[in-house]
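Enquirer: Let the hints inform the model, and build the full structure from the sequences given.
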Amino acid sequence: MERISVKKVHQLAKQLMFSLSEQEAKDIVNEFDTLLSQLDLLNRIDTSDCEELVYPFETPTTFFREDVVDHVMDVKDVFLNAPKAENQYFVIPKVVKDNGE
Amino acid sequence: MANNKEMWLQKAHKTIDELHKLQPKLNAVVSFVDVEKQVDEAMDKTGPLAGMPVILKDNVLYKGVRATASSYMLDNYVATYDATVVSKFKEAGAIIVAKSSLDELGMGGSNITSFTGPVHNPYDLSRIAGGSSGGSAALVASGAVDLAIGTDTGDSIRKPAAFCGIVGFKPTYGRISRYGVIPYASSLDHVGYFTREVKLAAEALMLLSGRDDKDMTSISTPLENVVEVLDESLANKRIGIFKNVLDAIDDEDTRALFFDLMDKAKEQGATLVDISMNSNLIKTVLPTYYIIANCEATANHSNLDGVRFGTHEDGDTLEEIMTNTRTKGFGPLIRKRFVIGSYGLMDENQELLLKKAQRVRRKLVEATEKMLESVDVIVAPASSHVAPKLNDPSIDQLSDKYLVAENYMVLGNFTGYPSITIPMGMKNHLPLGINLLSKAYDEKTLLQIAFQLEKLTGLKGLKAKVEL
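Read top to bottom, the protein sequences are chains A and B.
The numbering used here puts the first residue of the first sequence at 246, with every later residue one more than the last.
The numbering used here puts the first residue of the second sequence at 131, with every later residue one more than the last.
In case anyone wonders, no lab produced these hints; they're calculated from the structure.
Heads up, the beta-carbon is just placed ideally off N, CA and C, and yes, glycines get one too.
Some hints could be false.
[To be verified] Short, incomplete list of chain A residues facing chain B, as computed with Cβ under 7 Å:
#, residue
1, F263
2, I290
3, Y300
4, Q333
5, F335
6, V340
[To be verified] No farther apart than 20 Å at their CA atoms in a straight line, the calculated lysine-lysine pairs in the PhoX-like style are these:
#, chain 1, residue 1, chain 2, residue 2
7, B, K367, B, K344
8, A, K271, A, K259
9, B, K458, A, K259
10, B, K593, B, K557
11, B, K193, A, K321
12, B, K458, A, K329
13, B, K595, B, K557
14, A, K271, A, K252
15, B, K344, B, K218
[Stated by the list, open to error] If you want the ones that stay clear, here's a sample from chain B, every Cβ over 10 Å from chain A, calculated:
#, residue
16, H143
17, E362
18, R368
Expert: Here it is, written out as C-alpha cells:
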C-alpha cells in the first residue's frame, strides 16, 4: 500500500467535514508509517478461505411485533437540543441557491 | 419505606459529597445528578442494588441529564431518553449520582483525551487510570461508589480495572443492551461495569442483562443464575494459560504474581494447561482492531454535525456549519482516527483494509474458539506493567510487548465472549490485574473461576486511599 500524502490527508478531512492544521496532517502521515507496518502483519495471514466476520455472532435475529404505536418521542424532545429550530423544523442556511445551484 | 427514603437519601448525598472532595484529585466526574426524585421512586425496591449509589459512564443516556461522551461536540447535549441499562437500574432501585469521564467518544486507552482533562489514578495521581472507562474505574477504586457502568470496545473496562485494582467485567456481546449508549464501534461495543468484588458483579449481571428489542444485537440466550453457583470450587476446572501473552511479558514482578496465583489455583485442584495461537496471528489483533474500530466509528459519528443537536458553530453555508462545528468539536485524536477510518472505507481501500481486517477477525475468533475447546477459561496478566505515568514516552508500537501483551484482550471484543479482570497483586503499591476469558454465554464459569481466584488473592474489596 502506498504511503499517504499530506494532500490526501487534507482531502480525507474535507470529506469528513473538518479541517486539520498543517502539523496535524504531517503527524497523521507519520503515524501512517507505523500503521502500514502494522497492517503488513495482516497480509501475512492467509484469508483466501474465509469470509468477513462483521459481528461477533452470526445467529440471525429477527422478530415481529404488533402493529401498535410504541416508543414515541415527544416532538419537544426532538428539538430539545436543536441549535436553531423554528415551527418544528431544524433551521439551516438555504442549500439550493436562487439560481438553481 | 419512609426509613428507606431517609437512609438512601443520606447515603446518596454522602456519596456526592465524597465525589466532590475527590474531584480536584481524580477529575473523574463530568456531571452530578439530582437524587431526590430517584430516591422517591426507588423507595419500595428491594434487592442488592436497591438504594445503592451508582455511576454511569458519560456515554450512557439518562433522560434530562447531559451526556457528553467527554467530547466538546456534545458539551451541551441533554439526553432525551433513558438507556435500557438506566431503566434496569431504576427497576432495581439503584440511585445514579454522577456521570463519569471517558476518553473522547470512548476512543482511547488512557482517559487523557476527555475534553474535561485527564483522569488521575487513585493509587498515584501522576498516573493514568486507563481508558476509555477511566472515570468509572477511578471512582470505584477510590471507594466512592461500589458500582459504575463502563463500556468496552477494545478492553476499555478490563484494562482500567487492572490499572485501578478493581473488578472490570464485560459479559457476552449483546447480554446487556446497548440501547441508549453512544456508540464507538458497534460490532465491538459491550456494556459492562466495575465493582470491587466479583459477587457484586454477578448480582449486577442478573439485574442488568436481558433481551431488549430496541437493540437488534441484544441476545435472547437465557442467563443462568450466576450468583447461586459462585462458590463452586476450582477442582476439575481447566485453566488455559495464554502462552503468547506470557512470552511477551518480561516484567519479573508481573510474571511472579501471575504464576504465584496459578500455583495456588493448582493447589485448589485446577488443572493448568498451556495454550497458544499462531504467533503471526496474535500480532494482528491491534491493527485488525484499529481498522475495524476506526472505520465503524467514522460512520457512526457522521451524524455529529451541529445541525440537530450538540455544539454548533456558525457558517454561511451548511457545509461551513458542519466543517466549523466538527473542527472545533472533535479533539485531535478523534480527527486522526476518523481520517484513518475514512481511508479504510474508501472504495479502493476496502478490500485491502476493512474487508481484510474483517477476515482476519474471523481467523482470530476461530483460533480463540479452538483454544477454549480444551479449557474452561483463558487467563493472562491484563497488562505487562502497572499504570503508566500521564506523560509516559511512547513505546515501540511494533514490539511483541505492545502488540501482544498490551492488546490481546481485544480478542474478547472480536469474539464477543465474556471476560473479566480482577486484581492479582501489587507492585510498588500499584495494582496489577489478571484477565479471564470464557466461552460465549458462559458467564457462569467465568464468574465462578474469578470468584475463586479472588479468594486466593485476598484482594476482594481492595480500595485506594486518596489523600484529600
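Enquirer: Could you let me know if the closest chain A CB is still more than 10 Å away from the CB of B:E362?
Expert: 27 Å, holds
Enquirer: Tell me if the straight-line CA distance from B:K193 to A:K321 falls inside 20 Å.
Expert: OK: B:K193 and A:K321 at ~13 Å, within 20 Å.
Enquirer: Checking hints one by one. Is A:V340 an interface residue toward chain B, by the C-beta closer than 7 Å rule?
Expert: 6 Å, holds
Enquirer: The output says B:H143 does not contact chain A. Does that hold with a beta carbon cutoff of 10 Å?
Expert: 28 Å, holds
Enquirer: Tell me if the straight-line CA distance from B:K595 to B:K557 falls inside 20 Å.
Expert: Distance ~16 Å between B:K595 and B:K557 Cα, so the pair holds.
Enquirer: Far enough from chain A: is every CB of that chain over 10 Å from the CB of B:R368?
Expert: 23 Å, holds
Enquirer: Does A:K329 lie within 20 Å of B:K458 when you go C-alpha to C-alpha?
Expert: The hint holds at about 18 Å.
Enquirer: Check whether the Cα positions of B:K458 and A:K259 lie no farther apart than 20 Å.
Expert: With Cα atoms ~14 Å apart, B:K458 and A:K259 stay inside 20 Å; holds.
Enquirer: Against the 20 Å threshold, does the CA-CA distance of B:K593 and B:K557 hold or violate the hint?
Expert: 15 Å, holds
Enquirer: Does A:F335 pass the interface hint, meaning its C-beta sits closer than 7 Å to a C-beta of chain B?
Expert: Holds, because the Cβ-Cβ distance from A:F335 to chain B comes to roughly 6 Å (cut-off 7 Å).
Enquirer: Between the alpha carbons of A:K271 and A:K252, is the straight-line distance 20 Å or under?
Expert: Given pair A:K271, A:K252 holds - Cα atoms ~10 Å apart, limit 20 Å.
Enquirer: Holds or violated: B:K367 with B:K344, Cα cutoff 20 Å?
Expert: 37 Å, violated
Hints 4, 7 from the earlier list are contradicted by this structure; the remaining hints agree with it.
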